[in-house]
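Chemist: The lines below spell out each chain.
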Amino acid sequence: MPPAASNMPGAPEIFRVFAKIGITSFGGGLVAYLRDALLTDKKWMDEEEFLAALEIGQTLPGLNSVNVAIIAGRKLAGPQGAVAAALGLILPGVLLLLVLGILYDRFRHNPNVAAALAGVAAAAVGLLLQVTLKIGAKQFLKLRDLCFVLGTFYLVAFHHVSLPVVLFLVAPIAIILCRPSKPKPNT
Amino acid sequence: MKDLVKILNVFCLLSLLAVGGGSAVLPQMEHETVTLNHWVTGDQFATIYSLGQMAPGPNMSMVALIGWQAAGVAGLIIALVAFYLPSSFLTYGCSFIWDHFKENPWRSSVQQGMAPITIGLMLAGVHAVGKTACLNPSHSTHFNTITCTIALAVTGILFAKRINPALLMLLGGVAGWFLLRAN
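As given, the protein sequences belong to chains A and B, one line each in that order. Under the working numbering, the first residue of the first sequence is numbered 1, with each subsequent residue one higher. Under the working numbering, the first residue of the second sequence is numbered 1001, with each subsequent residue one higher.
Extracted from the complex, chain A is given alone in its bound form:
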């Protein structure tokens, strides 16, 4: 890690920048917020570095946004930077959630609150459905992919096949079906 350069931000500055995203990112879409902050505002990363970070973040387990924060923080200030970035991103939302949770616990038996929360919960289902359909658009149009989409859905939703089973039994089949073709000579 090269935190020696004087223009590199320290952990407090990193925390502040990520916490700003953590406070303002109502409604999700954090990767776009991260991109704006890291590329446009602060110029802490260039496009290529950001895309590489996103690629790692999407491939490895965990939330994409948190993973990108970890990688960006590490690049800027080593382990402290990674911790500062992740905490900045996560903590503000957790504090607000805690307030919402306390209010929910206190008022959930009030019929007005219960009715409003039922509406919010229904809207959240609609949101997740839209996100799923949107990012899955390509998969729904390809027969083999569609079989895996529906097969996974059926096994998990109706037979409670556990996630480890899906990831260690179904996923390898899908991956092998997509295996790299033999390298052609001289291409």
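Treat each hint with caution, since some may be false.
[Stated by the list, open to error] The following residues of chain B were derived to be distant from chain A, with all beta-carbon distances above 12 Å:
hint	residue
1	MET1001
2	LYS1002
3	ASP1003
4	LEU1004
5	VAL1005
6	LYS1006
7	LEU1008
8	ASN1037
9	HIS1038
10	PRO1137
11	THR1141
[Said to hold, decoys possible] Here's a subset of chain A near chain B, in silico, CB distances under 7 Å, partners left out:
hint	residue
12	ALA82
13	PRO111
14	ALA118
15	GLY119
16	LEU128
17	HIS160
18	CYS178
[Stated by the list, open to error] Straight-line alpha carbon distances no greater than 27 Å define the calculated DSS-like cross-link-like pairs of lysine-lysine that follow:
hint	chain 1	residue 1	chain 2	residue 2
19	A	LYS138	B	LYS1161
20	B	LYS1102	A	LYS138
21	A	LYS43	B	LYS1102
22	B	LYS1131	B	LYS1006
23	B	LYS1131	A	LYS134
24	A	LYS134	B	LYS1161
25	A	LYS20	A	LYS42
26	A	LYS43	A	LYS20
Quick caveat, the hints were computed from the structure, so don't treat them as lab data. Ideal placement from N, C-alpha and C gives every residue a C-beta, glycine not left out.
Following the hints, put chain B in place on chain A, whose structure we already have.
Modeler: Only chain B this time, still in chain A's reference frame:
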């Protein structure tokens, strides 16, 4: 104490299995926290999920509220740490050696193969939350018609127009308050 260990185990496992983002672990999380461990009811799970979608920051911070319902403040902290730390450690470590894998042809096979499975898991997530939030057998048909309509309206609006989802969820709350409170 036994509960805290259980919370730790459940969320650590979910953390490392959260391939393709947080929504993919939703069905497993629902199964573990509602059906197996009874930390929250199905209704609470759906509500906590929707609060997590509305709040700023990573949407899966909702695990904090599940931990809190299960075992108070200690549960909250353990759930958060268990859900975020393992995957973060993995990412931190792998970011050093990533360049070695970048050119590996299997990497795109993994991505292509995993994509439909992630979508299937997310659909199962829609089912996991929707079976209490939209099609709840303990509510009247009238109630379920309204909740389904709200959900599908949100889906439709988001396809038609770029609107901040948090705003739509607030609108869903207003619609719920207006249409559902008599039920």
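Chemist: For every hint, state whether the structure bears it out.
Modeler: Hint check results:
Separation of MET1001 of chain B from chain A is adequate, the least Cβ-Cβ distance of about 23 Å exceeding the 12 Å criterion. With a closest Cβ-Cβ approach of about 21 Å to chain A, LYS1002 of chain B is found to remain outside the 12 Å limit, as its non-interface label requires. Distance check for ASP1003 of chain B against chain A: the nearest CB is about 18 Å away, which clears 12 Å, and the non-interface claim stands. The beta carbon of LEU1004 of chain B sits about 18 Å from the closest Cβ of chain A, which is more than 12 Å, so the claim that it is off the interface holds.
With a least beta-carbon separation of about 19 Å from chain A, VAL1005 of chain B lies farther than 12 Å from that chain, consistent with its non-interface assignment. For LYS1006 of chain B, the non-interface assignment is confirmed: its Cβ lies about 16 Å from the closest Cβ of chain A, beyond the 12 Å cut-off. The beta carbon of LEU1008 of chain B is kept farther than 12 Å from every beta carbon of chain A, the shortest such distance being approximately 17 Å. Non-interface status of ASN1037 of chain B relative to chain A is upheld: no Cβ of that chain comes within 12 Å, the nearest being about 14 Å off.
Chain A leaves HIS1038 of chain B outside its interface by the beta-carbon criterion, the shortest separation being 16 Å against a cut-off of 12 Å. At the 12 Å boundary, the C-beta of PRO1137 of chain B stays outside the reach of chain A, the nearest C-beta of that chain being 15 Å off. Even its closest Cβ contact with chain A, about 15 Å, leaves THR1141 of chain B beyond 12 Å, as expected for a residue assigned away from the interface. Hint status for ALA82 of chain A: holds, given a least beta-carbon distance of 6 Å to chain B, under 7 Å.
Checking PRO111 of chain A against chain B by beta carbon gives a least distance of about 5 Å; that is within 7 Å, so the hint holds. Residue-level restraint check for ALA118 of chain A holds (minimum Cβ-Cβ distance to chain B is 5 Å; threshold 7 Å). Because the smallest distance between the Cβ of GLY119 of chain A and any Cβ of chain B comes to about 2 Å, under 7 Å, the interface hint for this residue holds. A cut of 7 Å between beta carbons decides the hint on LEU128 of chain A: the least distance to chain B is about 5 Å, and the hint holds.
At about 6 Å, the closest approach between the beta carbon of HIS160 of chain A and any beta carbon in chain B falls short of 7 Å, and the interface hint on this residue holds. The interface hint given for CYS178 of chain A is met, as the beta carbon of that residue sits about 4 Å from the closest beta carbon of chain B, less than 7 Å. About 20 Å separates the Cα atoms of LYS138 of chain A and LYS1161 of chain B, which keeps this hinted pair within 27 Å; it holds. This hinted pair checks out: LYS1102 of chain B and LYS138 of chain A have alpha carbons roughly 24 Å apart, not beyond 27 Å.
For the given pair, LYS43 of chain A sits about 24 Å from LYS1102 of chain B by alpha-carbon distance, which is consistent with the 27 Å threshold. Taking the CA atoms of LYS1131 of chain B and LYS1006 of chain B, the gap is about 25 Å. The hint holds against a cut of 27 Å. Proximity of LYS1131 of chain B to LYS134 of chain A is assessed by CA-CA distance (about 21 Å); at most 27 Å being required, the pair is judged to hold. The straight-line distance between the Cα atoms of LYS134 of chain A and LYS1161 of chain B is roughly 13 Å, inside the 27 Å bound, and the hint therefore holds.
For the hint linking LYS20 of chain A to LYS42 of chain A, the alpha-carbon distance of about 13 Å falls within 27 Å, and the restraint holds. Only pairs whose Cα atoms come within 27 Å are accepted, and LYS43 of chain A paired with LYS20 of chain A is accepted, the gap being roughly 16 Å.
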